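Chemist: Chains as they are written, first to last, in numbering that gives the first Met the number 0: chain A, 0 to 390; chain B, 0 to 481.
By construction, these hints were calculated from the structure, which means they are not laboratory data.
Since the model is a prediction, treat every value here as computed from it, not as a measurement.
It is possible that part of the hints are untrue.
[To be verified] Covered stretches of chain A, going by a simulated chain B footprint (3 or more residues, C-beta under 8 Å):
#1 41-49
#2 202-214
#3 242-252
#4 283-292
[Stated by the list, open to error] Here chain A is said to cover these stretches of chain B; the calculated rule only asks that three of the stretch's residues, wherever they fall, bring their Cβ under 8 Å from a Cβ of chain A:
#5 18-27
#6 132-138
#7 289-299
A virtual CB, placed ideally from N, CA and C, is assigned to each residue, including glycine.
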Amino acid sequence: MTRSRILSLALLLALSITTLVGIPAATAQDEPLRITLVVNGVLGDKSFFDSAQRGMDRLIDEGYNVTINTLELGIDPANWESGLADAMADTDAYDLLIVGTFQMGEFLAKRVHLYPDKYFIMYDDAVRYDDPEFCVEGCTNVYSVTYAQNEGSFLAGVYAGAITRSDLEGINPEHIIGAIGGQDIPVINDFIVGYEQGACLVNPDNQTLIQYAGGWNDPAKGKEIALAMYEQKADIVFQIAGGTGVGVFEAAYEQGKYAIGVDSDQALIIAETDPDQAQHILTSMMKNVDNSLYRAVDLFLAGELPFGEAEVLGIAEGGVGLAENDIYEDNTPEWILDLIDAVSDAVDEGAITINTVFEDRVELGYNLATVGLPCSEQPEVDFDVSEFLPE
Amino acid sequence: MFDTNLVQNVLEGIFSAAFLASILRVTTPILLPSLGALISDRAGVINIGLEGTMLVSAFTGVVFSAYSLDWFGESTGRLIGPWVGLLMGVVLGVLMALLLAVFHLRFRANIILSGIALNILGSAATVAIMFELTGDRGNTQGNLRSMRMPFIQLPDFLGDIPVVSFFFRIFDNQSVMTWIAFIAVILVWYFLYRMPTGIHLRAVGENPEAAASVGIRVTRIRYLALALSGLLAGLGGVHMSMGYLTFFQRDMTSGRGFIALATPYLGGGHPVGTGLASLVFGFFDALSIRVGSLEIPSQLPQMLPYMATVMALVIYALQSQLAARVRTLRSAEGAGFDAAFWKAIRQLSVLHMFMAMLAVFGIIISIGMFAAPDGFKGPERAYPLATIIGAISLLLIVLNLPFMLKVERIGAHVARAAAVAILSLWVYLGILFDLMLYTTTLKDLALILGFGAGLVAAAAIWLALGGYYLLTGHRRRAPVPA
Numbered sequence: 000m001t002r003s004r005i006l007s008l009a010l011l012l013a014l015s016i017t018t019l020v021g022i023p024a025a026t027a028q029d030e031p032l033r034i035t036l037v038v039n040g041v042l043g044d045k046s047f048f049d050s051a052q053r054g055m056d057r058l059i060d061e062g063y064n065v066t067i068n069t070l071e072l073g074i075d076p077a078n079w080e081s082g083l084a085d086a087m088a089d090t091d092a093y094d095l096l097i098v099g100t101f102q103m104g105e106f107l108a109k110r111v112h113l114y115p116d117k118y119f120i121m122y123d124d125a126v127r128y129d130d131p132e133f134c135v136e137g138c139t140n141v142y143s144v145t146y147a148q149n150e151g152s153f154l155a156g157v158y159a160g161a162i163t164r165s166d167l168e169g170i171n172p173e174h175i176i177g178a179i180g181g182q183d184i185p186v187i188n189d190f191i192v193g194y195e196q197g198a199c200l201v202n203p204d205n206q207t208l209i210q211y212a213g214g215w216n217d218p219a220k221g222k223e224i225a226l227a228m229y230e231q232k233a234d235i236v237f238q239i240a241g242g243t244g245v246g247v248f249e250a251a252y253e254q255g256k257y258a259i260g261v262d263s264d265q266a267l268i269i270a271e272t273d274p275d276q277a278q279h280i281l282t283s284m285m286k287n288v289d290n291s292l293y294r295a296v297d298l299f300l301a302g303e304l305p306f307g308e309a310e311v312l313g314i315a316e317g318g319v320g321l322a323e324n325d326i327y328e329d330n331t332p333e334w335i336l337d338l339i340d341a342v343s344d345a346v347d348e349g350a351i352t353i354n355t356v357f358e359d360r361v362e363l364g365y366n367l368a369t370v371g372l373p374c375s376e377q378p379e380v381d382f383d384v385s386e387f388l389p390e
Numbered sequence: 000m001f002d003t004n005l006v007q008n009v010l011e012g013i014f015s016a017a018f019l020a021s022i023l024r025v026t027t028p029i030l031l032p033s034l035g036a037l038i039s040d041r042a043g044v045i046n047i048g049l050e051g052t053m054l055v056s057a058f059t060g061v062v063f064s065a066y067s068l069d070w071f072g073e074s075t076g077r078l079i080g081p082w083v084g085l086l087m088g089v090v091l092g093v094l095m096a097l098l099l100a101v102f103h104l105r106f107r108a109n110i111i112l113s114g115i116a117l118n119i120l121g122s123a124a125t126v127a128i129m130f131e132l133t134g135d136r137g138n139t140q141g142n143l144r145s146m147r148m149p150f151i152q153l154p155d156f157l158g159d160i161p162v163v164s165f166f167f168r169i170f171d172n173q174s175v176m177t178w179i180a181f182i183a184v185i186l187v188w189y190f191l192y193r194m195p196t197g198i199h200l201r202a203v204g205e206n207p208e209a210a211a212s213v214g215i216r217v218t219r220i221r222y223l224a225l226a227l228s229g230l231l232a233g234l235g236g237v238h239m240s241m242g243y244l245t246f247f248q249r250d251m252t253s254g255r256g257f258i259a260l261a262t263p264y265l266g267g268g269h270p271v272g273t274g275l276a277s278l279v280f281g282f283f284d285a286l287s288i289r290v291g292s293l294e295i296p297s298q299l300p301q302m303l304p305y306m307a308t309v310m311a312l313v314i315y316a317l318q319s320q321l322a323a324r325v326r327t328l329r330s331a332e333g334a335g336f337d338a339a340f341w342k343a344i345r346q347l348s349v350l351h352m353f354m355a356m357l358a359v360f361g362i363i364i365s366i367g368m369f370a371a372p373d374g375f376k377g378p379e380r381a382y383p384l385a386t387i388i389g390a391i392s393l394l395l396i397v398l399n400l401p402f403m404l405k406v407e408r409i410g411a412h413v414a415r416a417a418a419v420a421i422l423s424l425w426v427y428l429g430i431l432f433d434l435m436l437y438t439t440t441l442k443d444l445a446l447i448l449g450f451g452a453g454l455v456a457a458a459a460i461w462l463a464l465g466g467y468y469l470l471t472g473h474r475r476r477a478p479v480p481a
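Assemble the whole structure, with the sequences as input and the hints as a guide.
Modeler: Following this line, the structure appears as structure tokens:
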């Protein structure tokens with residue numbers, strides 16, 4: 000009797016709290032929404048997956064009526080498919096399952112029809128809704144969110160191109176920049192084509208060194224590749240290689256050159272223990288996975304999440320962008336800050352057609368391109384950089 | 000064929016002191032555990048757990064160096080922190096290996112299975128403790144301030160002397176651990192071949208029963224061998240997190256502890272051979288990094304180290320067979336055995352095998368170009384070049400094959416063998432010198448000078464490897480009946 004009274008009191012309390020923070024009334028009396036986040040890797044990568052977890056943590060912090068269960072499948076790709084299948088089959092544990100990356104799209108798509116009363120969010124890749132081989136019943140319970148990494152990387156490219164012609168300490172006269180990808184896969188190449196195009200916008204004679212590390216967890220190799228790039232006269236290197244790329248920052252610091260981080264604001268993380276090294280990470284191309292997942296769950300609770308569809312979040316939607324922290328503000332010359340703002344606005348307004356490697360994104364207003372296009376073969380862009388350049 | 004500017008940069012990168020310096024850097028974390036694998040292997044108790052041991056040492060080093068700042072204060076901590084980290088890392092490395100020793104030698108567990116368990120333990124325990132200490136499961140960046148082992152600066156005036164300055168740029172500013180690794184090669188050699196304990200150790204590995212029968216304490220020697228392998232792997236691990244990099248990341252050794260298991264075999268079970276085998280791995284690793292920025296399919300450079308491994312293993316297997324044959328002949332022919340002749344034949348046969356193996360590379364590159372012509376600036380440029388590379392490679396294989404299959408032919412048809420060996424070497428050296436000269440001011444004369452020098456060098460190498468001996472009329476002496 001006392002127990003039930005305490006219970007009802009607690010319930011009442013919970014109700015009033017949740018009402019206060021404005022959770023939609025429909026879910027307030029219900030059981031909490033059970034969310035399973037499946038990570039095909041491990042947390043602690045200081046970028047991509049940590050960002051997804053941050054989005055979940057934010058839901059909890061802001062008092063949403065949800066429970067989060069994060070499953071880490073480990074770094075061995077052989078375990079990813081079975082791990083996801085197990086997580087999906089555990090139907091008592093979740094209402095909404097979130098999983099990301101290009102590698103997992105197919106594994107998810109071919110199973111979702113088995114769980115018609117469950118919901119799924121796919122991030123950083125879209126399931127192939129039209130292909131019955133993958134989406135047997137059209138994947139109508141899957142919402143896909145992808146990021147216009149090519150837009151964000153375009154900004155990073157403009158930034159790198161501007162840095163390599165600036166008079167910052169340690170910059171040589173050659174207009175050479177670098178990019179290190181984890182693997183030669185479409186998502187990474189979508190970063191690279193945008194990056195190259197952006198640099199060409201600033202320097203018509205720009206040269207972009209591109210290299211794939213062939214793995215995501217060998218920082219020593221990342222460092223060695225970066226050292227070779229700096230030696231080939233690159234001034235700034237964009238790391239798109241997860242845990243491998245962390246080694247790039249040490250190389251930049253040792254050589255007195257610069258680096259661009261990826262996915263999360265990597266300078267802020269490193270500044271905690273190594274402020275000198277962080278000074279060489281001028282900015283990071285952020286994929287705001289956290290915001291996108293937070294937004295998706297928020298829409299889901301309101302019953303407004305468009306299942307059976309894929310969304311692409313670009314600069315305008317806050318899906319991607321450069322990290323504008325203190326290091327960025329302090330180290331970047333004034334003219335480059337202005338340039339980045341102007342280019343950002345131009346992309347926002349759709350004045351610049353940006354490269355992509357995804358054929359199905361051409362209809363969104365991107366230009367189909369391949370990695371390694373020299374500046375002379377880049378598409379014409381209606382944007383005048385000359386008014387920003389110094390001298 | 001490619002953007003000439005980029006090719007020029009890449010070539011300059013390869014033929015530079017900086018490239019040789021990077022080979023040393025890349026080799027160090029392979030060499031140290033390789034020596035550990037060598038010692039344990041020679042004692043007959045191969046330590047499969049090197050990877051896990053390296054991880055534990057790498058992590059321990061970071062933790063202790065970071066905490067020494069708290070324990071000893073900022074200034075003292077900075078001074079002794081790296082060494083505290085090194086010491087504790089190595090101690091933990093030895094403890095890991097002793098754990099394996101206890102399981103195998105005391106409790107008779109299978110050493111391979113125990114070694115695998117040790118690897119899993121190393122990988123998981125480091126992550127678990129890292130999470131406990133920092134709340135992070137990825138790496139220690141942002142949480143622990145790892146310190147760095149010092150770099151060795153050579154005296155500056157060496158950089159001003161011509162020729163010496165080239166070597167100065169290779170060895171200057173290398174981590175102290177790189178120096179330790181190469182000094183360790185000599186120490187391990189001295190230990191195994193000059194010290195009684197080392198000789199006992201090798202005897203235990205060759206035949207434990209025989210060693211026991213002459214009073215060698217087999218188990219004690221094996222404990223020692225495993226402890227030493229843990230010590231060397233520990234040094235390698237500490238180098239990863241406190242020399243090469245300055246943080247610990249989960250599974251950051253990325254298979255170096257496994258590559259280390261292969262190098263002693265490539266090196267013929269000898270410390271110097273192991274050192275050279277590690278350098279071969281380091282060379283191809285570093286090379287794959289240098290050519291990776293060329294606009295060719297990324298898979299091609301990435302497979303270089305693995306191709307090199309296969310190649311080395313094939314040559315090693317062929318040579319072991321040949322060595323066994325020569326041994327049989329030696330015991331059969333007794334005093335009539337022509338040692339000088341067989342030495343020349345063996346050396347020249349390695350040359351033929353090496354030439355054929357390099358040509359296999361050429362075939363693969365050619366297939367790659369046919370399969371993905373877009374990676375090589377389009378079919379109209381890729382196909383002709385691929386045809387030439389493929390044809391020359393095929394020709395070199397066909398020419399060298401007879402001398403690989405039946406090595407006596409090298410001695411029986413000296414002129415033909417000489418022509419094949421020198422022609423093959425000339426092709427490779429000519430290309431190499433041509434590319435080397437291309438990076439200098441002699442760019443226009445590169446082709447003529449390069450291939451000219453290539454021919455001279457090819458002939459010289461052939462003569463030095465035993466061609467001179469065969470050419471001056473030495474035929475295999477008929478065996479004297481015993």
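Chemist: Each of the hints needs a verdict: does it hold here or not?
Modeler: Okay, the hints, checked on the actual structure:
1. 41-49: It holds: at least three residues are needed, and the stretch 41-49 of chain A offers 6 whose Cβ sits within less than 8 Å of chain B.
2. 202-214: As far as the stretch 202-214 of chain A goes, the hint holds, because 7 residues have Cβ atoms under 8 Å from chain B.
3. 242-252: Coverage by chain B holds for the stretch 242-252 of chain A (4 residues, Cβ < 8 Å).
4. 283-292: Our answer is that it is violated, as 0 residues pass the Cβ test (under 8 Å) against chain B, missing three.
5. 18-27: Our answer is that it holds, as 3 residues pass the Cβ test (under 8 Å) against chain A, meeting three.
6. 132-138: holds (count 4)
7. 289-299: holds (count 7)
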